[in-house]
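Novice: Read off the chains here:
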Amino acid sequence: MPAILVYQTSTLLFNVAFYVAIVAQAASAALAAGRRNMDLFGVCVLACATALGGGGTRDVILGHYPLSWVAAPHLLVVVCIAALATVMLSRFMHHLRWTFLLLDALGLVIFSTIGCDVAISMGLHPIIVIISGMITGIVGGILRDILCNDVPLVFTGQLYAIVSIIAGGVYYGATVLGMSYDVALISGIAVGMTLRVVAIVYNVEIPKFSYERDPR
Amino acid sequence: MPAILVYQTSTLLFNVAFYVAIVAQAASAALAAGRRNMDLFGVCVLACATALGGGGTRDVILGHYPLSWVAAPHLLVVVCIAALATVMLSRFMHHLRWTFLLLDALGLVIFSTIGCDVAISMGLHPIIVIISGMITGIVGGILRDILCNDVPLVFTGQLYAIVSIIAGGVYYGATVLGMSYDVALISGIAVGMTLRVVAIVYNVEIPKFSYERDPR
Amino acid sequence: MPAILVYQTSTLLFNVAFYVAIVAQAASAALAAGRRNMDLFGVCVLACATALGGGGTRDVILGHYPLSWVAAPHLLVVVCIAALATVMLSRFMHHLRWTFLLLDALGLVIFSTIGCDVAISMGLHPIIVIISGMITGIVGGILRDILCNDVPLVFTGQLYAIVSIIAGGVYYGATVLGMSYDVALISGIAVGMTLRVVAIVYNVEIPKFSYERDPR
Chain A
1 MPAILVYQTS TLLFNVAFYV AIVAQAASAA LAAGRRNMDL FGVCVLACAT
51 ALGGGGTRDV ILGHYPLSWV AAPHLLVVVC IAALATVMLS RFMHHLRWTF
101 LLLDALGLVI FSTIGCDVAI SMGLHPIIVI ISGMITGIVG GILRDILCND
151 VPLVFTGQLY AIVSIIAGGV YYGATVLGMS YDVALISGIA VGMTLRVVAI
201 VYNVEIPKFS YERDPR
Chain B
1 MPAILVYQTS TLLFNVAFYV AIVAQAASAA LAAGRRNMDL FGVCVLACAT
51 ALGGGGTRDV ILGHYPLSWV AAPHLLVVVC IAALATVMLS RFMHHLRWTF
101 LLLDALGLVI FSTIGCDVAI SMGLHPIIVI ISGMITGIVG GILRDILCND
151 VPLVFTGQLY AIVSIIAGGV YYGATVLGMS YDVALISGIA VGMTLRVVAI
201 VYNVEIPKFS YERDPR
Chain C
1 MPAILVYQTS TLLFNVAFYV AIVAQAASAA LAAGRRNMDL FGVCVLACAT
51 ALGGGGTRDV ILGHYPLSWV AAPHLLVVVC IAALATVMLS RFMHHLRWTF
101 LLLDALGLVI FSTIGCDVAI SMGLHPIIVI ISGMITGIVG GILRDILCND
151 VPLVFTGQLY AIVSIIAGGV YYGATVLGMS YDVALISGIA VGMTLRVVAI
201 VYNVEIPKFS YERDPR
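Those protein sequence lines, which keep their order, are chains A, B and C. Residue numbers for the first sequence follow our numbering, so the first one is 1 and each next one is one higher. Residue numbers for the second sequence follow our numbering, so the first one is 1 and each next one is one higher. Residue numbers for the third sequence follow our numbering, so the first one is 1 and each next one is one higher.
One should not assume that every hint holds.
Identical copies look the same in the list; a pair holds intra-copy or inter-copy alike.
[Said to hold, decoys possible] SDA-like, lysine to any residue: derived pairs with alpha carbons at most 25 Å apart: (1) K208 / I166; (2) K208 / V77; (3) K208 / I186; (4) K208 / V183; (5) K208 / V191; (6) K208 / L195; (7) K208 / V16; (8) K208 / L12; (9) K208 / L159.
I should point out that these hints are in silico values taken from the structure, not numbers from a laboratory. Computed from a predicted model, the values in this text were never measured in an experiment.
Use the sequences and the hints to build the structure in full.
Specialist: Right under this line is the structure:
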């Protein structure tokens with residue numbers, strides 16, 4: 001299989017989904033950078049941290065070396081091109097807030113789904129498989145938001161972390177039930193995207209925890 | 001020894017202390033989350049990062065795999081239950097600021113004390129043993145505060161990092177002097193908690209460094 | 001070679017440059033801490049994260065164990081002494097903003113240059129060599145700024161990440177061309193420092209990306 005296919009043990013669809021997620025996360029980072037008046041190199045650094053930081057954090061936590069972008073450095077080039085293209089195209093975009101949220105959702109759901117695979121291949125516990133997917137899905141966005149000095153999206157607003165868990169759970173459940181990898185992947189992505197978009201449109205929220213007195 | 005005992009080479013008291021610290025850190029994260037209006041899944045994510053992030057960071061830095069919660073996934077469940085229970089109980093709590101500071105102190109001191117053990121078992125230098133304890137003790141709280149977009153508690157206010165170093169130092173010194181693990185553990189925790197509580201009550205501060213002119 | 005020389009496979013000049021960079025980064029952290037009213041232990045923690053966090057992050061990402069300061073714990077002592085000395089001397093300093101920027105630049109350029117070496121010794125791809133240098137160069141400052149709750153310097157203002165890439169590129173290119181390590185090192189540092197200082201003095205900026213509409 002050519003070196004450009006990073007998920008070498010999985011199907012072509014896995015690799016296509018992986019690149020879609022990386023490009024989506026890079027684009028979401030470029031849009032976030034625009035609010036912060038960053039220069040174009042800062043945009044590239046932020047995009048790499050966002051698009052590759054989730055999988056990288058998962059690999060470091062699981063001791064799964066080498067990291068994907070260290071083994072496949074062309075991923076860094078793909079991320080930078082995607083980020084710079086977003087910068088150039090953004091002046092023609094309308095509805096930037098929606099674009100940002102949809103790109104973020106796409107990265108979240110795809111990474112959550114295919115992120116389960118590393119833990120499965122290492123023979124880890126089902127809980128860790130789901131958590132591995134969640135780390136892959138949410139950490140990139142968390143890094144983006146921390147580097148932009150925001151409270152991460154995962155901690156505010158509508159369904160987010162639970163979308164990641166459900167997308168990963170659908171994928172993992174489908175593979176356990178004997179479905180093909182491709183069907184499991186599409187199922188997980190479809191369920192996750194639907195849930196996240198519905199949550200944004202109808203402002204579906206999990207009960208929040210707040211109190212008036214300040215603990216500090 | 002049953003799998004629920006995570007510190008398999010150490011005593012029962014070590015494991016009890018470990019669970020107490022994890023629950024305390026999860027609860028401190030839940031209280032911090034309440035100020036930020038987070039949803040219940042966000043609370044769980046923040047609690048896991050806070051309660052397991054210190055030991056995880058230490059293990060990644062020392063190359064000590066697998067991480068405790070990857071080997072013992074039930075820890076994630078314990079943390080989430082502790083965080084959600086805190087959310088439910090917090091409406092009946094008074095003095096939330098004090099509760100937050102005491103839970104944070106308990107996690108700080110216990111993790112600092114038992115965190116030395118991993119470095120000792122790897123045969124590392126005494127300085128690294130103390131630093132290993134300090135990383136285990138303070139990084140969870142730092143992650144909690146960064147994810148909530150605060151300046152970390154360790155960098156403000158009363159004695160904090162030095163409490164961690166002294167608690168770890170007492171534990172390590174006691175074991176070097178031939179005391180039993182349990183006595184060393186209790187000594188480290190007692191000295192550390194006393195110091196931290198005295199520092200908060202009497203507002204004991206290390207000399208601070210500040211200047212008027214802004215370097216940026 | 002004595003244990004105090006951390007880069008044991010390289011020349012004496014490498015080790016001198018390494019210590020200069022560590023001291024410079026520790027001092028930049030101490031100056032940043034002064035703005036935040038931190039106590040002296042907080043200053044030491046921040047200085048260690050800043051001075052050793054870049055190389056540590058690189059080593060964790062590349063799976064290059066043990067980390068330099070775990071193998072050579074005296075580095076922690078050097079960093080703390082440098083930070084506390086900066087605190088004591090800062091009251092006699094003028095032009096703190098310039099001092100801060102120059103110390104930060106020195107750490108950035110030296111770490112970027114010598115940070116390429118680890119990746120070269122591991123036989124990694126040229127892109128990864130440059131990125132390894134960049135991570136070593138910029139992550140310490142990013143950690144410093146995040147822990148101080150600022151938007152990292154790398155994402156604002158004048159040429160920064162590109163200085164790191166060029167300094168590393170000059171070093172790597174010179175070694176590939178067969179120059180001695182010392183000549184390559186001095187070339188990389190000289191080019192990088194010149195570029196960064198010119199960028200600050202003449203306010204050289206890469207085109208920035210910004211738009212008026214807010215995506216969130």
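Novice: Next, verify each hint and record whether it holds.
Specialist: Outcome of the hint check:
1. Proximity of K208 and I166 under a CA criterion of 25 Å is satisfied intra-copy only: 19 Å inside one chain copy versus 38 Å between copies.
2. Taking the closest pair of Cα atoms, K208 and V77 come within 25 Å of each other only across two copies (20 Å); inside a single copy the shortest separation is 40 Å, beyond that limit.
3. With identical chains, the CA atoms of K208 and I186 are never at most 25 Å apart, being 31 Å at best within one copy and 38 Å at best between copies.
4. In the homo-oligomer, the alpha carbons of K208 and V183 never lie at most 25 Å apart, since the shortest distance is 35 Å inside one protomer and 43 Å across protomers.
5. For the homomeric pair K208 and V191, the shortest alpha-carbon distance inside one copy (23 Å) is at most 25 Å, but the shortest distance between copies (38 Å) is not.
6. Taking the shortest Cα distances, K208 and L195 sit within 25 Å of each other inside one copy (18 Å), while across copies they are farther apart (35 Å).
7. Neither within a single protomer nor between protomers do K208 and V16 lie at most 25 Å apart by alpha-carbon distance, with minima of 36 Å and 31 Å respectively.
8. In the homo-oligomer, the alpha carbons of K208 and L12 never lie at most 25 Å apart, since the shortest distance is 40 Å inside one protomer and 37 Å across protomers.
9. Taking identical chains as interchangeable, the C-alpha atoms of K208 and L159 lie at most 25 Å apart only when both belong to the same chain, with a minimum of 11 Å there against 33 Å between chains.
Hints 3, 4, 7 and 8 from the earlier list are contradicted by this structure; the remaining hints agree with it.
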